[in-house]
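Chemist: Sequence:
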Amino acid sequence: TRNFTNLFDNIFTTNPQDLANLNNNTTTINSDFTLGFSLKKDFGIPIPFLKKSAATVNVSSFYDLDGDGVQNAKDEGAIGNVVVRIGNYEVITDENGKAILKNVPMKKYAYQVIPLDKLEGWFPKVSDSIIIQDDGIANIPFARGVKIYGEIILDRQKIAIAEDKEVDLSRIKISAFNNNKVYNTLTDKKGRFEFYLPNGTYIITLDENILGTNYKIARNNIPITLKETQDGVYVSFYSIENRRKVIIKD
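Numbered according to the numbering used here, the sequence shown spans residues 9 to 258.
Simulated from the structure, these hints should not be mistaken for lab results. We put the CB at the ideal spot given by N, CA and C, even for glycine. Wrong hints could be hidden among the right ones.
[Claimed, not checked] Straight line, CA to CA, 27 Å or less: simulated DSS-like cross-link-like pairs of lysine-lysine: (1) Lys155 with Lys133; (2) Lys133 with Lys198; (3) Lys116 with Lys181; (4) Lys110 with Lys181; (5) Lys115 with Lys155; (6) Lys197 with Lys224; (7) Lys198 with Lys126; (8) Lys60 with Lys126; (9) Lys133 with Lys173; (10) Lys155 with Lys60; (11) Lys189 with Lys133; (12) Lys173 with Lys235; (13) Lys197 with Lys181; (14) Lys126 with Lys59; (15) Lys189 with Lys173; (16) Lys133 with Lys59; (17) Lys173 with Lys126; (18) Lys173 with Lys197; (19) Lys110 with Lys155; (20) Lys173 with Lys155; (21) Lys198 with Lys181.
[Stated by the list, open to error] Beta-carbon label-pair distances, calculated as ranges: (22) Arg164 with Leu73: 38 to 48 Å; (23) Lys173 with Gly240: 31 to 41 Å; (24) Thr64 with Ile122: 52 to 62 Å; (25) Gly240 with Gly220: 24 to 34 Å; (26) Ala63 with Ala226: 52 to 62 Å; (27) Gln141 with Lys106: 37 to 47 Å; (28) Arg93 with Asp176: 18 to 28 Å; (29) Asn222 with Ile108: 55 to 65 Å; (30) Asn207 with Asp176: 17 to 27 Å; (31) Ile122 with Glu216: 44 to 54 Å; (32) Ile108 with Ile230: 27 to 37 Å; (33) Ile122 with Thr209: 16 to 26 Å; (34) Ile230 with Lys116: 51 to 61 Å.
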C-alpha cells in the first residue's frame, strides 16, 4: 500500500535527490480518481441586455401666462383636479398640479385633458395624441381663451312695440362649432351672451327655433377665427319680426 499523500508530495518536490528516487521507482499504481475544480468570478456585466419598454410619465398642469408651454416663474400657479387620459391610463392632478403614471408602454396614445373645475376661460393647450418614448414630464399648459360676446338685436314693428310687452330673450342657446367640439352658452333676459373659446376657427350659431315663427334671423352660422393677439370678438344676431298686416277701420 502506497501513501498517496507522500506520492503527491514527491511529484511536486524540487529536491534533486527526491526526483532521482522517484525516477528509480518501478512500482505500478492503478487507481481511479477524479479531481474537481470550481472557479466563479462575477465581473458585473449585465447579460443579456434587455431594452426598456415602459416609461414613467410625470404630469404637470399650470396656467401658462407667457404662452411658452413651460412652467416657470412668470406663470402664476398650478391647476389641480385635472383628469389626464393617456390611452386607457388615467390620473388626476393634485393641488400642486402634479400626477404620475408608471409603467406606461412606449407608443402613441390618444390624449385627453379634462379640468373638473370651472376655470373661467382657461383651456388646455395640448394635442389630441401623445407619443411616450422615455421617462419624462408631460406639461399641460392652460392658455386663456378669447372672449366672445354679443347680443340678439330685434327689429320689431312700431305697432308691435306699442302693443306688446318687452320680449324675453333669455336662455337662448348660442353654440360655437369647431370640428368635433361644441361650446355652448345661454343668453340673458336682454339677449346678451358671452363665453371664452380657445384659439381656432368656429361657426357661431343661434338656436332660432326658440324664437318661433314670428322672427327670422337675418344672418346665422357666422364664421370667426380666433387668435392669441385678440382680446375679444363681438358677434350679433339680427332678428327681424315678421310684418303684420294693419287694417284701418273707419
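Chemist: If any of the earlier hints don't hold here, list their numbers in rising order.
Modeler: Violated hints: 2, 3, 4, 5, 8, 9, 10, 12, 14, 15, 16, 17, 19, 20, 24, 27, 28, 30, 31, 32, 34; rest satisfied.
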